[in-house]
Amino acid sequence: MTQSNSRIMLILFVVVAAVVPLVFASGYQLFQLTLVVAYALSVLGKNLVTGYGGQVSLGQGAFYAVGAYTAAILMEHFNVPYWATLPVAAVVTGMVGLALGLPALRLGGLYLALVTFAMAVAVPQLLKYKLFENWTGGVQGIVLNKPDAPFGLPLDPDQWVYLFTLAVGVVLFVAATNLVRSRIGLALMAIRDQPLAAEAMGVELSRYKTLTFGFGALFTGVGGALGAIAVGFVSPDSFSIALSLTLFVGMVIGGASSISGAVYGALFIVFVPNLAEEISKAIPGAIFGVILILFMFFAPGGIASLLSAQMRRFRAAR
Amino acid sequence: MKRRTVLAGLGLAGVGGLAAPAIIRPAMGATVVGVTKTEIKIGHIVPYSGNASSYGVGGRSHSAFFKRVNDMGGVAGRKINFISLDDGYNPAKTVEQARRLVEQEQVAFLFNPLGTPTNTAIHRYMNQRKVPHLFLATSADKWGDYKAFPWTIGYAPSYRTEAQIYGKYIKQQRPNAKAALIYQNDDFGKDYLHGLQDVYGKDFDKTFIKVVTYEASDATVDSQVVTMKDSGAEVLVTGAIPKFSAQVIRKAFDIGWKPLHIMSNVSASIASTITPAGPEKAEGVITSQYLKDPTDPDFKDAPDMKEWREFMAKYLPDGDTTDANYVYAYSVATLMHIVLKQCGEDFSRENIMKQASNVKKVALPLLLPNMTAATTPTDFRPLKQLQLARWKKDTWERFGDIIGA
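For the record, the sequence lines run as chains A and B. Note that the first sequence ends on residue 318 in the numbering used here; no numbers are left out. Note that the second sequence ends on residue 405 in the numbering used here; no numbers are left out.
Only chain A is shown next, with the shape it has when bound in the complex (with noise of 0.2 Å):
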């Protein structure tokens, strides 16, 4: 497929995202459309770091519960617009990442996931924590009110929510995949895959290891900042160790390694949970846990690898 081939497809695509569910969605699909969008940016963020970055981290729920937090503070107590929240949870979370990005340098493999992980079981507590429980709300968190549509559009709040929280979806995920075909991303696939010969041919480890921290922790933060939004509350109890490890398991369903992944990820995590649920309400878990399984088993490189597979013998067989 030529450039201008693929952007026509992107544009494509994304016109029939914005438009279609704005027709045919209720209420409640839009809604859980617009969680799919800001699930997708965090897997994405997970995607840097751990598919492309080779860093594995299983903290990424501590990212998306900062974004969330950050949103959810400047709207209560600061009187910020919530659009204006996400550039500043944007910084922050960035932040937060390179911050977390300096052990990344010391510790590898196992150990940066232990610590990730520490840090992912370490949030929900220390947001009820007394020092910050005028910010944060304590255990009760903080109900935020949801944005109707500006200048008067006949949009409900959640036909304008999912239309801005696709919005700024589609320009993370395009600037996304400009990081990955840059420099940086080429520098971050040699470290991942030949740390020594990339740092023989002068990439610089250190550097490279920690931004991807900071980009990763960004895209998450982000994207909490959105389901904040979205949720229209936030609270210790949502951003649990559950909310890492489904991020993880989005990731590794999706495609690690790709930046579609991120939106297939997304995709299973919000409606394969309701799935299994319909299934059998005894046993959900047991149900979700037989999807994943056979998902690795069909699918092992991902849903995304296993597309474009697909595409390429289609593509042979013309």
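Don't take every hint at face value.
Stated by the list, open to error - Here are the simulated EDC-like pairs of lysine to aspartate or glutamate, each with C-alpha atoms no more than 20 Å apart in a straight line:
1) K130/B <-> E277/A
2) K41/B <-> D156/A
3) K281/B <-> D394/B
4) K41/B <-> E278/A
5) K190/B <-> D203/B
6) K281/A <-> D254/B
7) K393/B <-> D254/B
8) K67/B <-> D156/A
I should point out that these hints are in silico values taken from the structure, not numbers from a laboratory.
Given chain A, put chain B in place with the hints provided.
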């Protein structure tokens, strides 16, 4: 310009599509959703998965309860369609499930959704949508706020009600004693502070000479117990979760402090409070109850206990009949059933809410003897009575009369 028109048109089409779903309007201003000539759709949310999944039995009990209602002919000739969803105690998921029930499944109302943070997440949504949010499975006091949230109503005695009852008891038993209070520094704990302040008013500071707090994330409350003892207080009220209640009991015993100790009934669990503290150290501690304990020999032959056991045997043969969650669920489901019967033929959301807030004193099964549930349009707290119980050797012994707040 052109594009904007198209977009506006699409938006309008979307809004029209949203408003279209089957809303029948029988009377002026009345909204009937989720009820047909043959069916009443009820929504429910509970954690079937995750850390709080032990509460999932509530959902299983309700499903069985409404199955029995249907087997006996339903309500006003309609079968109950009870849809119970899992939120894993994650408030973000609760929002999703509540919206699914309200917008997708088009239920008439939500019944008994569980948890304080989870219900907080949907509190505003339910009231904006004007969907009844009935008999919540959480004891926070804020569910009684009928002015700001006229579509939400609680069930069990709130922590604040509980503290008011403790205050009355202390006032009566030890009118001149000095007291101390320890509470968890959040909405749950503060309900105890507020309840005692309700009773003592201006005299609160004179009576409660030492008030201390702890954080749920703290490791221990030992130092707080020592300062309370040093204040010379002879009465102690503990508004805490089991882990910390156990520490208070143990530390007070170890430093030789023997106050009249009243402890929140959240911590009444033998397994998670009394055993870790040491049963001998808990001797004389007082808490409160409103449900019949299924293991209590006093109630072995009580008619409501028999009715419940028959229900369990027939509809939930593998359910654990020592699990108090089943007792709780049966009592609250009965209240729901009563409200539905009270609706007559009018199942508009307005009338369902009206009936839920006009329950004349009714003795629900499995409440302690002589206890009743009642609501009025200005009283959204169905249960307001408790009976005190004292820890003696290896069991809670109920004593005294039923006390109302």
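query = What are the numbers of the hints that this structure violates, sorted from low to high?
reply = As far as the earlier hints go, 1, 2, 6 and 8 are violated by this structure, in ascending order.
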